[in-house]
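Number of protein chains: 2
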Amino acid sequence: MTQLLLATRNAGKLAELQRLLATAVPGVEVLGLRDVPEYPEAPETGATFEENALLKAREAVRYTGLPSVADDSGIAVDALNGMPGILSARWSGRHGDDPANTALLLGQLADVPDDRRGAGFVCAAALVLPDGTERVLRREWRGVVVHEPRGTNGFGYDPVFLPDGLDRTSAELDAAEKDAVSHRGQAFAALLPVVQELLGG
Amino acid sequence: MTQLLLATRNAGKLAELQRLLATAVPGVEVLGLRDVPEYPEAPETGATFEENALLKAREAVRYTGLPSVADDSGIAVDALNGMPGILSARWSGRHGDDPANTALLLGQLADVPDDRRGAGFVCAAALVLPDGTERVLRREWRGVVVHEPRGTNGFGYDPVFLPDGLDRTSAELDAAEKDAVSHRGQAFAALLPVVQELLGG
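So the sequences go chain by chain: H and A. To convert, note that position 115 of the first sequence is 115 in UniProt numbering; the numbers rise steadily by one, no gaps. To convert, note that position 138 of the second sequence is 138 in UniProt numbering; the numbers rise steadily by one, no gaps.
Don't take each hint at face value.
Stated by the list, open to error - One side of the interface only, derived from the structure: several residues of chain A facing chain H at Cβ under 7 angstroms:
id, residue
1, L87
2, G96
3, P99
4, L104
Since the hints were made in silico from the structure, they are not lab data. Positions of the beta carbon are idealized from the N, C-alpha and C atoms, including for glycine.
Take these sequences, add in the hints, and give me the full structure.
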């Protein structure tokens, strides 16, 4: 059976990506980094979501020899010129501290009026094969940053992101609802045919 | 004697601006907000440095009836798409907490390599007269963000800003050295002829 590695350590992302990929590509076993002993810390030195997704997928191929998928995601806030962007997970200076990152973002936007609180959840998804084949694509999910966190699903900035056209934050959507419309759902839906074409055929 | 109001509460800025303006415009007495009892909190709801400088100067004219000068300044970091920008003073979510703001910026840039740490100190300076005449201009001082604070002069992000062509941070320059080259020095030097033309003649 062909194996495909999802190159992420983030438990929330891994659950989302496995959910999206595992059943959609028959005949492919989807592994996470939990299945790879002593995997080194992946680099995130790119200047864009796409670069970082490719860096992570390349590193995973180099270390495991397996076809690898990686994503880089974040929230791009209009009033912050698109930041936190690629720094979303370490916005407060503490990597992966969701409450601190979210509290900081709300503090920075405290005086920003409602008509200037637009934002996009952005996801770049990359597939890299051992033969050097590379694909990367990007999707965005538009909405606004609300003033107080709402909801307990998801992770990251989900509790403060109100998607356009919905009356619940991303953290108030259940997993299936979120996958159907989210940046990551869109990006991986778009990547699936590529995975199928390159691995499943 | 004509009076001119410097509409700032920031002690560091006030000292700089008074130093720059007081002797340069003969016959004009330069007041600070400390001289205006119960001055209300000025709005900073603009989307640009120029808008905020004009808002502050207009508010000062409205409240005092005096010709008023105001500035809005901050650091625009390339790797943060020009942020903290107009949010520089409240970047950590706590307005005016220089150590917290600086520590946060360094944390956000921790993984950003030296060749991508370019930044500019930006100053917009506005003059508003009681008759509605308005002038605003903007100057930038380029440099890089260093990895550790150095120096004790100045305020704000001075300790982590290394100006292009210098080997000392902005906080290691003395006041006269800084005024001669800084964003604020440049902006107020450019505003002085306007003040002289509109008030001194």
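Outcome of the hint check:
Annotation: interface hint on L87 of chain A holds; nearest CB of chain H at approximately 6 angstroms, less than 7 angstroms. A cut of 7 angstroms between beta carbons decides the hint on G96 of chain A: the least distance to chain H is about 13 angstroms, and the hint is violated. Restraint check, P99 of chain A versus chain H: the minimum CB separation of about 13 angstroms is more than 7 angstroms; hint violated. Because the beta carbon of L104 of chain A sits about 6 angstroms from the nearest beta carbon in chain H, less than 7 angstroms, this interface hint is met.
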